[in-house]
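Student: If you count the sequence shown from 1, position 44 lands on 44 in UniProt numbering, and the numbers rise without skipping.
It should be emphasised that the hints constitute simulated quantities derived from the structure, not laboratory data. Fair warning: this is a prediction, and the values are worked out from it, not measured in the lab. Keep in mind that the hints are not guaranteed to be accurate.
To be verified - What follows is a list of derived Cβ distance ranges for each label pair:
id	residue 1	residue 2	range
1	L107	I64	48 to 58 Å
2	L109	Q81	24 to 34 Å
3	S56	Y92	27 to 37 Å
4	L107	I87	32 to 42 Å
5	D116	D82	34 to 44 Å
6	Y92	C113	21 to 31 Å
7	V71	F110	24 to 34 Å
Claimed, not checked - Computed list of lysine to aspartate or glutamate pairs in DMTMM-like fashion (alpha-carbon distance at most 25 Å, straight line):
id	residue 1	residue 2
8	K59	D82
9	K114	E90
10	K77	E90
11	K85	D96
12	K85	E100
13	K114	D102
14	K93	D82
Note that CB positions come from ideal geometry on N, CA and C, so glycine has one too.
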Amino acid sequence: LPHVLSNTAPSSLHHYHLSLHLAGGCAPSTLTAALTAAKATTMTIAKPVMRGLLASQIKRNIIIACGLSIVAATSWKLLVQDPRKRIYAEFYKNYDAQAEFDRIRNLGLFTSCKPDGEVEE
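Input sequences plus hints: build the corresponding full structure.
Tutor: Now the structure itself:
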């Protein structure tokens, strides 16, 4: 029995002793089941991917960044630029630059010309 248990992990030994304790002794079927369970638990851990890990992470991050930037640019255009263009177009549709100039001139805000088109002498 010691040569069989020498290849198992410490956690597997704990499971083996626990199964013997619960079974009430060292029955052959219990021993076989405990060893099978111990080997099954130690063989399920997969090795981490180390080769090409940085390249795959960079590729994934670039794809995500490009996707998010496209979504952000489209959202900005639809939610900010298009409404702003509509508002400006609506404003300039009825805008009279000469009437606005006359209004500001008559308020006396210009220093280069007097209100109501009076000429300086």
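Student: Checking one constraint from the list: CA of K85 to CA of D96, max 25 Å. Satisfied?
Tutor: 19 Å, holds
Student: Return holds or violated for the Cβ distance of D116 and D82 against the range 34 to 44 Å.
Tutor: At 42 Å between Cβs, range holds.
Student: Going straight from one Cα to the other, do K85 and E100 come out at no more than 25 Å?
Tutor: 21 Å, holds
Student: Under the criterion that the straight-line Cα-Cα distance not exceed 25 Å, is the pair K77, E90 satisfied?
Tutor: Judged against 25 Å, a Cα distance of about 18 Å means the pair holds.
Student: Assuming the hint says 21 to 31 Å, is it satisfied by the Cβ distance from Y92 to C113 or not?
Tutor: 24 Å, holds
Student: Verify the CB-CB distance for L107 and I64 against the hinted window 48 to 58 Å.
Tutor: Once the Cβ atoms are compared, 55 Å apart, the range 48 to 58 Å for I64 and L107 holds.
Student: Check the following: the C-beta atoms of S56 and Y92 are separated by a distance inside 27 to 37 Å.
Tutor: Since the Cβ atoms of S56 and Y92 sit about 52 Å apart, the hinted range of 27 to 37 Å is violated.
Student: A range of 24 to 34 Å was offered for this pair. Does it hold for the Cβ distance of L109 and Q81?
Tutor: 32 Å, holds
Student: Need the status of pair K114, E90: alpha-carbon distance at most 25 Å?
Tutor: With a Cα-Cα distance of about 32 Å, the restraint between K114 and E90 is violated, given a limit of 25 Å.
Student: Per the hint of 32 to 42 Å, is the separation of the Cβ atoms of L107 and I87 within bounds?
Tutor: 25 Å, violated
Student: Are the Cα positions of K93 and D82 separated by 25 Å at most?
Tutor: The hint holds at about 16 Å.
Student: Regarding V71 and F110, is the given constraint of 24 to 34 Å on their beta-carbon distance met?
Tutor: Violated: the Cβ-Cβ distance is about 48 Å, outside 24 to 34 Å.
Hint compliance for this structure: hints 3, 4, 7, 8, 9 are broken, all remaining hints hold.
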